[in-house]
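*Asks:* Sequence:
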Amino acid sequence: MASPPPALEILVREPDGVTVWSGPPYPPGTTSPPQRLPKTACSATSFSTDGARLLATVASASATVYDCRTLAVVKCFELPGLLAAALSPTGAYLQTFQKSSSPQEKNVTVWHVDTAAALYQHYQKSMSKTTWPMVQFSADESVACRMMPNEIQFFDPKDFAKGILYRIRMPGIATMKLATAPGSHVAGFVPEAKGVPASVQIFSCNKDAQNQVVARRSFFRCSTVQLQWNKGSTGLLILAQADVDKTNQSYYGETKLNYLTTDRAFEGIVPLKKDGPVHDVQWSSSGSEFAVVYGVMPPKATIFNKKCNPLVEFGEGPYNTIRWNPKGRCIL
Numbered sequence: 001m002a003s004p005p006p007a008l009e010i011l012v013r014e015p016d017g018v019t020v021w022s023g024p025p026y027p028p029g030t031t032s033p034p035q036r037l038p039k040t041a042c043s044a045t046s047f048s049t050d051g052a053r054l055l056a057t058v059a060s061a062s063a064t065v066y067d068c069r070t071l072a073v074v075k076c077f078e079l080p081g082l083l084a085a086a087l088s089p090t091g092a093y094l095q096t097f098q099k100s101s102s103p104q105e106k107n108v109t110v111w112h113v114d115t116a117a118a119l120y121q122h123y124q125k126s127m128s129k130t131t132w133p134m135v136q137f138s139a140d141e142s143v144a145c146r147m148m149p150n151e152i153q154f155f156d157p158k159d160f161a162k163g164i165l166y167r168i169r170m171p172g173i174a175t176m177k178l179a180t181a182p183g184s185h186v187a188g189f190v191p192e193a194k195g196v197p198a199s200v201q202i203f204s205c206n207k208d209a210q211n212q213v214v215a216r217r218s219f220f221r222c223s224t225v226q227l228q229w230n231k232g233s234t235g236l237l238i239l240a241q242a243d244v245d246k247t248n249q250s251y252y253g254e255t256k257l258n259y260l261t262t263d264r265a266f267e268g269i270v271p272l273k274k275d276g277p278v279h280d281v282q283w284s285s286s287g288s289e290f291a292v293v294y295g296v297m298p299p300k301a302t303i304f305n306k307k308c309n310p311l312v313e314f315g316e317g318p319y320n321t322i323r324w325n326p327k328g329r330c331i332l
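When the letters of the sequence shown are read in order and numbered with the UniProt record's numbering, they come out as residues 1 to 332.
Honestly, the hints are just simulated from the structure, not real lab data. Take the hints with a grain of salt, since some may be wrong.
25 Å max Cα-Cα, derived SDA-like pairs, lysine to any residue [what the hints assert, rightly or not]:
id	residue 1	residue 2
1	39	20
2	256	219
3	307	324
4	158	51
5	207	167
6	162	197
All chains, full assembly: derive it from the sequences and hints.
*Replies:* Spelled out as structure tokens, the structure:
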């Protein structure tokens, strides 16, 4: 007999804090949803990828980690000047970024949540959405790496004290993305410079093959990228963005959706059937297909398989965001 599904829980974020309520079905005679976590002051919340732990932060003050089964506090970290925080995929590690007045004051820390031990620290002058979290983990937390000037550095998550295990040299690297399930490959983006086109390169995370390019895609008119790996780590979606659209179709710049596979079966632009920007793209949880919303108003929505062949056309509509349910069977 199959085990019952886990109880539904609803997290509600309000300006003054966060509350967790039990979802349906409710006990007989209940007139309102039972409250599992009373309102708690915070400025941001996030779950670990596996849903086992919840992180609630108070800007410039603290980070608290909860066990999602009991909503008991696992550990509370007092962190003056806290600017950002992130849990690792299983919630075993907490990464924090704090204000720093000098390079001697190391402001990026990887903490072991259960013991509150600082496992690794370094100084970082600034951070952005494309570089945070600075240390990236695979889903099983067997691989950890960070981007530094001109290279990607790898660590042993079980023993950060070993220091840097090995490096991948990428002169000019500006963005990186580690494949997570499994952590077999890493992708890096090098912007256009001095007439040399921008490029995204995929490398193996195997120590013996880390400097061999597995796949590569080059393009002009690209200032930033968003990188998305599928589950299985066989396909990489690259949303290339330019600040200026030279075709004058969009005030917000130009976007192109590219696709790379680690077996080199596909390398090129995703064949979209309407001109205009890419509004959103998301892999399904299975890693076998991805959905795209694209084109001038009204946009179109299409599902592609991992060979980049269209599977389902939703036609045109008032779309700008697309999301899969956790099982990858439904789409919103």
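*Asks:* All hints, please: hold or fail.
*Replies:* The hints, checked one at a time:
no.: 1; hint: 39 <-> 20; in the structure: holds (8 Å)
no.: 2; hint: 256 <-> 219; in the structure: holds (10 Å)
no.: 3; hint: 307 <-> 324; in the structure: holds (19 Å)
no.: 4; hint: 158 <-> 51; in the structure: holds (21 Å)
no.: 5; hint: 207 <-> 167; in the structure: holds (9 Å)
no.: 6; hint: 162 <-> 197; in the structure: violated (37 Å)
Violated hints amount to a single one, hint 6; each of the other numbered hints is respected by the structure.
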